[in-house]
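> Go ahead and model the full structure; you've got the sequences and the hints to work with.
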Amino acid sequence: MVPDGGTGPITLDVRLIASSAAPAEELARRGNVPPTLLKALEPGIVRIPALREHLEDVPLLLHHFLQEANRERKKSLNGFTSSALSALETYNWPGNVRELRDLVRAISGKKKQGTMIDATDIPPEILYRNLRRHSSQ
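Going by my numbering, the sequence shown opens with residue 179, and the numbers climb by one from there.
For the record, the hints were derived by calculation from the structure and aren't laboratory data. One should not assume that every hint holds.
The calculated label-pair distances, taken between Cβ atoms and stated as ranges, are [what the hints assert, rightly or not]:
| # | residue 1 | residue 2 | range |
| --- | --- | --- | --- |
| 1 | E250 | T185 | 32 to 42 Å |
| 2 | V192 | P227 | 47 to 57 Å |
| 3 | G273 | A218 | 29 to 39 Å |
| 4 | L216 | T259 | 40 to 50 Å |
| 5 | E250 | I188 | 34 to 44 Å |
No more than 27 Å apart at the CA atoms, straight line, and that leaves these computed lysine-lysine pairs for BS3-like [what the hints assert, rightly or not]:
| # | residue 1 | residue 2 |
| --- | --- | --- |
| 6 | K252 | K288 |
| 7 | K252 | K290 |
| 8 | K290 | K253 |
| 9 | K288 | K253 |
| 10 | K217 | K253 |
| 11 | K217 | K252 |
Yeah, the Cβ is synthetic: ideal placement off N, Cα and C, and Gly gets one too.
Next comes the structure, spelled out in C-alpha coordinates:
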(Lines of atoms letter the chains of each structure in order from A and count residues from 1; the text may use other names and numbers.)
(Lines give C-alpha, C1' and ligand atoms only; values in the text may rest on other atoms or scores of the structure.)
Protein backbone atom coordinates (compact mmCIF):
# COMPACT_ATOMS: atom_id res chain seq x y z
CA MET A 1 0.00 0.00 0.00
CA VAL A 2 1.36 3.42 -0.94
CA PRO A 3 0.14 6.41 1.10
CA ASP A 4 -1.13 9.54 -0.69
CA GLY A 5 1.85 11.40 -2.03
CA GLY A 6 4.16 8.63 -0.85
CA THR A 7 6.60 6.72 -2.93
CA GLY A 8 6.88 3.42 -1.11
CA PRO A 9 4.81 0.88 0.73
CA ILE A 10 4.02 1.15 4.43
CA THR A 11 3.45 -1.70 6.87
CA LEU A 12 0.21 -1.95 8.82
CA ASP A 13 -0.55 -4.00 11.93
CA VAL A 14 -4.31 -4.47 11.98
CA ARG A 15 -6.55 -6.41 14.35
CA LEU A 16 -10.19 -7.05 13.58
CA ILE A 17 -12.64 -7.53 16.42
CA ALA A 18 -16.23 -8.42 15.68
CA SER A 19 -19.07 -9.98 17.61
CA SER A 20 -22.26 -11.80 16.81
CA ALA A 21 -25.03 -13.42 18.80
CA ALA A 22 -25.10 -16.22 16.22
CA PRO A 23 -22.32 -18.80 15.87
CA ALA A 24 -19.92 -18.13 12.97
CA GLU A 25 -21.00 -21.33 11.20
CA GLU A 26 -24.61 -20.17 11.20
CA LEU A 27 -23.61 -16.78 9.76
CA ALA A 28 -21.73 -18.54 6.96
CA ARG A 29 -24.66 -20.91 6.32
CA ARG A 30 -27.02 -17.93 6.03
CA GLY A 31 -24.62 -16.24 3.63
CA ASN A 32 -23.81 -13.35 6.00
CA VAL A 33 -20.10 -14.24 6.05
CA PRO A 34 -18.26 -15.52 2.98
CA PRO A 35 -16.83 -19.00 3.65
CA THR A 36 -13.32 -17.86 2.72
CA LEU A 37 -13.45 -15.05 5.30
CA LEU A 38 -14.76 -17.45 7.95
CA LYS A 39 -11.92 -19.87 7.19
CA ALA A 40 -9.36 -17.04 7.53
CA LEU A 41 -10.84 -15.85 10.84
CA GLU A 42 -11.45 -19.32 12.30
CA PRO A 43 -8.18 -19.66 14.27
CA GLY A 44 -8.96 -16.49 16.23
CA ILE A 45 -12.63 -17.11 16.99
CA VAL A 46 -13.34 -16.95 20.72
CA ARG A 47 -16.71 -18.16 21.96
CA ILE A 48 -17.99 -16.27 24.98
CA PRO A 49 -20.83 -18.13 26.67
CA ALA A 50 -24.12 -16.45 27.46
CA LEU A 51 -24.64 -15.38 31.08
CA ARG A 52 -27.32 -18.08 31.49
CA GLU A 53 -24.54 -20.64 30.95
CA HIS A 54 -22.56 -19.37 33.96
CA LEU A 55 -25.09 -18.08 36.48
CA GLU A 56 -22.52 -18.55 39.25
CA ASP A 57 -20.98 -15.25 38.03
CA VAL A 58 -24.18 -13.28 38.66
CA PRO A 59 -23.41 -12.29 42.30
CA LEU A 60 -19.94 -11.02 41.36
CA LEU A 61 -21.35 -9.04 38.43
CA LEU A 62 -24.18 -7.64 40.58
CA HIS A 63 -21.73 -6.31 43.15
CA HIS A 64 -19.45 -4.91 40.43
CA PHE A 65 -22.30 -3.05 38.74
CA LEU A 66 -23.59 -1.80 42.08
CA GLN A 67 -20.15 -0.35 42.87
CA GLU A 68 -20.15 1.34 39.46
CA ALA A 69 -23.63 2.75 40.07
CA ASN A 70 -22.62 3.97 43.54
CA ARG A 71 -19.65 5.84 42.04
CA GLU A 72 -21.72 7.32 39.20
CA ARG A 73 -24.51 8.49 41.49
CA LYS A 74 -22.18 9.49 44.33
CA LYS A 75 -24.22 7.54 46.85
CA SER A 76 -23.73 4.26 48.57
CA LEU A 77 -26.15 1.37 48.52
CA ASN A 78 -25.25 -1.46 50.89
CA GLY A 79 -25.65 -4.42 48.53
CA PHE A 80 -28.36 -7.00 47.90
CA THR A 81 -30.57 -8.89 50.31
CA SER A 82 -30.48 -12.67 50.15
CA SER A 83 -33.95 -12.71 48.58
CA ALA A 84 -32.82 -10.34 45.81
CA LEU A 85 -29.68 -12.39 45.16
CA SER A 86 -31.70 -15.59 45.06
CA ALA A 87 -34.14 -14.17 42.51
CA LEU A 88 -31.40 -12.70 40.31
CA GLU A 89 -29.16 -15.78 40.42
CA THR A 90 -31.89 -17.98 38.96
CA TYR A 91 -33.07 -15.63 36.20
CA ASN A 92 -32.24 -16.68 32.61
CA TRP A 93 -30.79 -13.27 31.54
CA PRO A 94 -31.85 -13.26 27.88
CA GLY A 95 -30.23 -9.82 27.54
CA ASN A 96 -26.97 -11.18 29.00
CA VAL A 97 -24.61 -8.98 31.04
CA ARG A 98 -26.01 -5.77 29.52
CA GLU A 99 -29.47 -6.57 30.88
CA LEU A 100 -28.00 -7.26 34.33
CA ARG A 101 -26.02 -3.99 34.30
CA ASP A 102 -29.02 -1.95 33.15
CA LEU A 103 -31.21 -3.49 35.85
CA VAL A 104 -28.73 -2.60 38.61
CA ARG A 105 -28.43 0.96 37.27
CA ALA A 106 -32.21 1.38 37.10
CA ILE A 107 -32.85 0.01 40.58
CA SER A 108 -29.97 1.91 42.18
CA GLY A 109 -31.30 5.17 40.78
CA LYS A 110 -34.52 4.70 42.75
CA LYS A 111 -33.02 3.61 46.06
CA LYS A 112 -32.14 5.81 49.03
CA GLN A 113 -28.61 6.18 50.36
CA GLY A 114 -27.57 3.40 52.70
CA THR A 115 -30.32 0.92 51.76
CA MET A 116 -30.08 -2.54 50.21
CA ILE A 117 -31.62 -3.81 46.99
CA ASP A 118 -34.38 -6.27 47.86
CA ALA A 119 -36.54 -8.68 45.85
CA THR A 120 -39.35 -6.11 46.04
CA ASP A 121 -37.16 -3.77 43.93
CA ILE A 122 -36.87 -6.30 41.11
CA PRO A 123 -39.30 -5.79 38.20
CA PRO A 124 -42.25 -8.19 38.23
CA GLU A 125 -41.42 -9.60 34.77
CA ILE A 126 -38.15 -10.98 36.13
CA LEU A 127 -39.74 -12.38 39.28
CA TYR A 128 -42.71 -13.74 37.30
CA ARG A 129 -40.45 -15.54 34.79
CA ASN A 130 -38.57 -17.13 37.67
CA LEU A 131 -41.76 -18.30 39.36
CA ARG A 132 -43.20 -19.64 36.10
CA ARG A 133 -39.98 -21.47 35.23
CA HIS A 134 -39.68 -23.06 38.68
CA SER A 135 -43.32 -24.15 38.76
CA SER A 136 -43.01 -25.90 35.36
CA GLN A 137 -40.00 -27.99 36.42
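> Hint by hint, which ones does the structure fall short of?
1, 2, 10 and 11
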